[in-house]
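Once you have looked at the hints, place chain C on chain X.
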Amino acid sequence: DSGVTQTPKHLITATGQRVTLRCSPRSGDLSVYWYQQSLDQGLQFLIQYYNGEERAKGNILERFSAQQFPDLHSELNLSSLELGDSALYFCASSAQTARGGYTFGSGTRLTVV
Amino acid sequence: AQKITQTQPGMFVQEKEAVTLDCTYDTSDQSYGLFWYKQPSSGEMIFLIYQGSYDEQNATEGRYSLNFQKARKSANLVISASQLGDSAMYFCAMREFSGTYKYIFGTGTRLKVLA
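Protein sequences appear in the order of chains X and C. The numbering of the first sequence is this note's numbering, which starts it at 3 and goes up by one. The numbering of the second sequence is this note's numbering, which starts it at 12 and goes up by one.
Next comes chain X alone, as it looks inside the complex (with noise of 0.2 Å):
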């Protein structure tokens, strides 16, 4: 157990729906991090937050989003989804100090029918 919580661990849903993709990072962590790897485009940054606040912003489709609450757990919601969506999606979490390197959940894998 890495001490970062993602939650569900697998997703089956329908073109056109919503989800909800949800991350405890670990214990003392302040920063979240989500990622998308899909077979085709490797492992692409999405966003950021410290602390709650929106730190960083990658290739993050307007159909997603996400935010960070007061207790440190993040939620990435996915909207209208397409077939293309269909990844596993990471979350990440990091102390104030860099040299540590990320600590990943085990991810979310969304199948998109």
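Check the hints yourself; a few may be wrong.
[Stated by the list, open to error] Derived DSS-like pairs: lysine-lysine, alpha-carbon spacing no greater than 30 Å straight-line:
no., chain 1, residue 1, chain 2, residue 2
1, C, Lys84, C, Lys27
2, X, Lys11, C, Lys123
3, X, Lys59, C, Lys27
4, X, Lys59, C, Lys81
5, X, Lys59, C, Lys14
6, C, Lys14, C, Lys84
Read the hints as simulated data drawn from the structure, not as lab findings.
This is chain C only, laid out in the frame that chain X set:
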């Protein structure tokens, strides 16, 4: 702009041999960090090693070492005494310590250790 390049999509190595996985990067920042992660077939991402741009010595963590050549902008991962359990996907990543602080990842190298 930030960029990470891993030119080896796949590699084979004999058990107990050493292997080098290549990573080159591009950044205009003077302060940045370089990371390597391992992703086994089970899917989880495991942090292996870190090198800071101002670190004078190459980072080492057990059987992993990072061959950092700043002028060449390369940060190759060396795995010594390969084990069957090292078979996995390996990702190089970079984080700039100014601006957006976001990480970017390379496309990965799939390593297969042969018995």
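Hints versus structure:
Taking the CA atoms of Lys84 (chain C) and Lys27 (chain C), the gap is near 28 Å; set against the 30 Å cutoff, the hint holds. Simply put, Lys11 (chain X) and Lys123 (chain C) have alpha-carbon atoms about 27 Å apart, close enough for the 30 Å limit, and the pair holds. Taken as a hint, the Lys59 (chain X) and Lys27 (chain C) pair is broken in the structure, with Cα atoms around 42 Å apart against an allowance of 30 Å. For a cut-off of 30 Å, the pair hint linking Lys59 (chain X) to Lys81 (chain C) stands: about 27 Å separates their Cα positions.
With a C-alpha separation of about 16 Å, the suggested pair Lys59 (chain X) and Lys14 (chain C) falls inside the 30 Å cut-off, and the hint holds. Pair hint Lys14 (chain C) plus Lys84 (chain C) holds up; C-alpha atoms about 11 Å apart against a cutoff of 30 Å.
Checked against the numbered hints given earlier, this structure breaks only hint 3.
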